[in-house]
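There are 2 protein chains.
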Amino acid sequence: MAPFLSMSKTKNEKTKKSAKSSQYRDPVVGVDLGGTKVLARLVDSDTGAASGRHKQPTPKDGPASVLDAVAEVVRKVEGWEDVAAVGVGIPGPVNRRGVVAYCPNIDGWDRPIDAASELEKRLGKPVVVANDVNCGAVAEHRVGAGRGVSAMLAVFVGTGVGGGLILDDELVVGERGQVGEIGHVTVKPGGRPCGCGGFGHLETYAGRAGMIREARRLASETDEGNYLADTIREGTIKSRHIAQALDAGDPVTIRLLQDAADALALGIGNIATVNDIPLAVLGGGIVDRLGEPFLDQIRQSPDFGGLGPDFVELRLAQRLDDAGAVGAAILAADAIA
Amino acid sequence: MAPFLSMSKTKNEKTKKSAKSSQYRDPVVGVDLGGTKVLARLVDSDTGAASGRHKQPTPKDGPASVLDAVAEVVRKVEGWEDVAAVGVGIPGPVNRRGVVAYCPNIDGWDRPIDAASELEKRLGKPVVVANDVNCGAVAEHRVGAGRGVSAMLAVFVGTGVGGGLILDDELVVGERGQVGEIGHVTVKPGGRPCGCGGFGHLETYAGRAGMIREARRLASETDEGNYLADTIREGTIKSRHIAQALDAGDPVTIRLLQDAADALALGIGNIATVNDIPLAVLGGGIVDRLGEPFLDQIRQSPDFGGLGPDFVELRLAQRLDDAGAVGAAILAADAIA
Chain A
2 MAPFLSMSKT KNEKTKKSAK SSQYRDPVVG VDLGGTKVLA RLVDSDTGAA SGRHKQPTPK
62 DGPASVLDAV AEVVRKVEGW EDVAAVGVGI PGPVNRRGVV AYCPNIDGWD RPIDAASELE
122 KRLGKPVVVA NDVNCGAVAE HRVGAGRGVS AMLAVFVGTG VGGGLILDDE LVVGERGQVG
182 EIGHVTVKPG GRPCGCGGFG HLETYAGRAG MIREARRLAS ETDEGNYLAD TIREGTIKSR
242 HIAQALDAGD PVTIRLLQDA ADALALGIGN IATVNDIPLA VLGGGIVDRL GEPFLDQIRQ
302 SPDFGGLGPD FVELRLAQRL DDAGAVGAAI LAADAIA
Chain B
2 MAPFLSMSKT KNEKTKKSAK SSQYRDPVVG VDLGGTKVLA RLVDSDTGAA SGRHKQPTPK
62 DGPASVLDAV AEVVRKVEGW EDVAAVGVGI PGPVNRRGVV AYCPNIDGWD RPIDAASELE
122 KRLGKPVVVA NDVNCGAVAE HRVGAGRGVS AMLAVFVGTG VGGGLILDDE LVVGERGQVG
182 EIGHVTVKPG GRPCGCGGFG HLETYAGRAG MIREARRLAS ETDEGNYLAD TIREGTIKSR
242 HIAQALDAGD PVTIRLLQDA ADALALGIGN IATVNDIPLA VLGGGIVDRL GEPFLDQIRQ
302 SPDFGGLGPD FVELRLAQRL DDAGAVGAAI LAADAIA
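Chains as they are written, first to last, in my numbering: chain A, 2 to 338; chain B, 2 to 338.
Some clues are possibly wrong.
Same chains, same names: a pair is fine if it fits in one copy or spans any two.
[What the hints assert, rightly or not] Once the Cα atoms are required to be at most 25 Å apart in a straight line, the calculated SDA-like pairs of lysine to any residue come out as:
(1) Lys126 to Ala85
(2) Lys189 to Leu296
(3) Lys38 to Arg54
(4) Lys189 to Gly309
(5) Lys239 to Arg214
(6) Lys189 to Phe312
(7) Lys239 to Arg54
(8) Lys189 to Pro310
(9) Lys56 to Asp289
(10) Lys239 to Gln259
(11) Lys56 to Tyr103
Keep in mind the hints are simulated off the structure, nothing from the lab. Quantities reported herein were computed from a predicted structural model and do not represent experimental measurements.
All chains should be modelled from the sequences, with the hints used to inform the complete structure.
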């Protein structure tokens, strides 16, 4: 019968597919704008292979300087004059019109800025901007652990917890650029206070900052030391310190990591159920460091949400530090395809 | 600058919009297949106005008879020969290819059936099938409380709790046809047992069946009667009995409804946050009966999930009994547009 008879053949689907199953596409420049540094790479958006690695510190004197720095780093990439587009991952909510509402980790970026247009003025080329975590999700979907899967959730567990959502092979952004904010899903009503003003959000249990805050609270309340609370007196705690504390058998760390696994299991299970998502790809400092045993801990959590661990597969992220730049480049290549 | 420079101008967006902002479209037939009856209406898919109302009981001798009955009811609609398409809402998971995995409330429908093709054979016309709750979501989005909003969650609270998700003005279905299953989001790990085998799912707190089960459990455990447990001895409990119990000040019902509001607040808030959804439309027996005061109870719940009640507006559904048939008709009209 005629192709329109099935729900699967919507008008959009064909267009979507063709944008991706392209033949060879020229390389594009991908930029990862972070709180401390700006990194630009030349990216083959089909394979995800990145070459060159140009960076400079993120300026501290406001968004105009930051955008200047992005343009400057792009110009250092060999062959940048010949690329057809530039993609930039930005650490703030970016709506579908390329407007960045604010960037908590960039000094002075406290108002909406049309970053795409600003960068196009500086570079004279098409520029696509997207949230950096969303770029990471795109990199995993297209050239990482989610290759070939049409719907997935990416979850990055670092200081906080961020995420990105792919449905029907497309990144979902949302009017307010907030899609994928799994870190602010409530896993325990009235639970630990979150930096956003809420309580019991996933990232207060699974993010490094939340774990450390809790370790310190326990140390001060019980007058008993613990590995993390002791370590932080000597400086910043990184994911490797958490891994070391676990290896050392520190009981507080063991408990905090179980809380983290339970929170991730509840949040991921619920989101996967409502969005019918067969795959969650997990990355970020803590997950990269703890690896597959931590995924097992999540899978086996009694708190696994929704239709359970059989409904959604968990995989480790494959693209580590370069995911932001690579994903941004892929989005730029898609936009001009 | 050129239109491709902004993230908003993806290849799909234009196509999507044009499918909807059509001029006058010829009427189509919409069918709502329920566990007890089949209802067919002639629907103006632009305004949502429905005329005619043909129904017959749902056969109990298997899916082939049920599909025969659907075709039969369609043929009773005046002018059905002239419509360009038929839409059918079905009470089971329907994937994007129009395959219905199973229908728990239809005798013998325990295996995947390509219902669209089967009905096309019987009717000689394009047929679109979709999940009935998803049809309800489409009706609210296009000709109900969600008109003009590009992303929304529909939540229908009845015996159980079902939902539908609209993103970028499109119904999201999912590979497994499970998108919108908010009833099976875990709101309390290890909580009340759910019919699906899980625990603490939203519908065990907010659905009528779950509330009644809990009322009976309380009555048997405490040896104290309560309105719902007493009423059920006399027959089925409908939403109006719950409203009556509330009016009568029955303390158990008051508590159960607070649990229901808390569960809905947690689930809706979380899903709205991750999917960046500005609007949730609530309908179904209990919500229709309790109305705006119940929505207030949800808004004010201390358990409201994610970024809170300011992030997602709650509205009462506008399309009541005809939402399934109207939404199915709209999907059919879209498919042939």
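Hints versus structure:
1. Lys126 to Ala85: within (7 Å within a copy, 46 Å between copies)
2. Lys189 to Leu296: both (21 Å within a copy, 22 Å between copies)
3. Lys38 to Arg54: Answer is within: at 12 Å inside a copy they meet the 25 Å cutoff, but 65 Å across does not.
4. Lys189 to Gly309: For Lys189 and Gly309, the Cα distance is within 25 Å both inside one copy (18 Å) and across copies (14 Å).
5. Lys239 to Arg214: This pair counts as within: shortest intra-copy Cα distance 13 Å, inter-copy 48 Å.
6. Lys189 to Phe312: Both: 22 Å inside a copy, 19 Å across copies.
7. Lys239 to Arg54: For Lys239 and Arg54, the Cα distance is within 25 Å only inside one copy (24 Å; across copies 66 Å).
8. Lys189 to Pro310: Cα proximity of Lys189 and Pro310: in one copy and across copies (20 Å, 16 Å).
9. Lys56 to Asp289: within (23 Å within a copy, 58 Å between copies)
10. Lys239 to Gln259: within (18 Å within a copy, 42 Å between copies)
11. Lys56 to Tyr103: Cα proximity of Lys56 and Tyr103: one copy only (22 Å, versus 55 Å across).
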